[in-house]
Amino acid sequence: MPIKVAVIGAGSIGFTRRLMRDILSVPELADSAFAFHDLNKHNLDMIAQLAARDIEANALPAKLSATTNRRRALDGADYVLNTTRIGGLKAFAHDIDIPLKYGIDQCVGDTLCAGGIMYGQRNIPQVLAFCKDIRE
Numbered sequence: 140m141p142i143k144v145a146v147i148g149a150g151s152i153g154f155t156r157r158l159m160r161d162i163l164s165v166p167e168l169a170d171s172a173f174a175f176h177d178l179n180k181h182n183l184d185m186i187a188q189l190a191a192r193d194i195e196a197n198a199l200p201a202k203l204s205a206t207t208n209r210r211r212a213l214d215g216a217d218y219v220l221n222t223t224r225i226g227g228l229k230a231f232a233h234d235i236d237i238p239l240k241y242g243i244d245q246c247v248g249d250t251l252c253a254g255g256i257m258y259g260q261r262n263i264p265q266v267l268a269f270c271k272d273i274r275e
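Residue numbers for the sequence shown follow the numbering used here, so the first one is 140 and each next one is one higher.
The hints are simulated quantities; they were obtained by calculation from the structure and are not laboratory data.
It is possible that some hints are incorrect.
Have a look at the derived ranges for each label pair, beta carbon to beta carbon [what the hints assert, rightly or not]:
hint, residue 1, residue 2, range
1, 246, 170, 36 to 46 Å
2, 160, 237, 32 to 42 Å
3, 266, 214, 29 to 39 Å
4, 266, 179, 13 to 23 Å
5, 272, 200, 40 to 50 Å
6, 168, 221, 17 to 27 Å
7, 265, 191, 19 to 29 Å
8, 142, 251, 30 to 40 Å
9, 251, 227, 19 to 29 Å
10, 156, 242, 17 to 27 Å
11, 170, 233, 35 to 45 Å
12, 221, 251, 17 to 27 Å
13, 253, 195, 26 to 36 Å
14, 259, 189, 28 to 38 Å
Below, computed lysine-lysine pairings styled on BS3-like, alpha-carbon distance capped at 25 Å [unchecked claim]:
hint, residue 1, residue 2
15, 240, 229
16, 202, 143
17, 202, 180
18, 180, 229
19, 180, 271
20, 143, 271
21, 180, 143
All C-beta atoms, glycine included, are put in the ideal place defined by N, C-alpha and C.
My request is simple: use the sequences and hints to build the entire structure.
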């Protein structure tokens, strides 16, 4: 029986396609249905087109939909993947640059140190909103 995977924040140019291809490389998951969601319709449409091309080129039975409506993407999902970056790359740069200004040199600012705290403050409220939508 096919599973449905909702990908919230699917507008990432490289990450979403690699993630989908990794999942589809498992034979038991080749018939999965993906529901891509992102607020950036331009990126979402571009990623959906590229992902659909990947599915077709590999003659996979997988299905793909794309929507800017988060609840529609979540409806009936067996798994939900959060790939959002609240604030975009500009905020991510601040997560690195601000601690560095005060002598904290961290390799990445999304999981540790002061940058991770700033990242969490932006992202936790959104993740809780996702959880509320999933619960409903």
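Tested hints:
no.	hint	verdict
1	246 to 170: 36 to 46 Å	38 Å, holds
2	160 to 237: 32 to 42 Å	35 Å, holds
3	266 to 214: 29 to 39 Å	19 Å, violated
4	266 to 179: 13 to 23 Å	18 Å, holds
5	272 to 200: 40 to 50 Å	28 Å, violated
6	168 to 221: 17 to 27 Å	19 Å, holds
7	265 to 191: 19 to 29 Å	27 Å, holds
8	142 to 251: 30 to 40 Å	32 Å, holds
9	251 to 227: 19 to 29 Å	20 Å, holds
10	156 to 242: 17 to 27 Å	38 Å, violated
11	170 to 233: 35 to 45 Å	42 Å, holds
12	221 to 251: 17 to 27 Å	18 Å, holds
13	253 to 195: 26 to 36 Å	45 Å, violated
14	259 to 189: 28 to 38 Å	31 Å, holds
15	240 to 229	16 Å, holds
16	202 to 143	9 Å, holds
17	202 to 180	19 Å, holds
18	180 to 229	19 Å, holds
19	180 to 271	23 Å, holds
20	143 to 271	19 Å, holds
21	180 to 143	21 Å, holds
Taken one by one, the earlier hints fail for this structure at numbers 3, 5, 10, 13, listed in ascending order.
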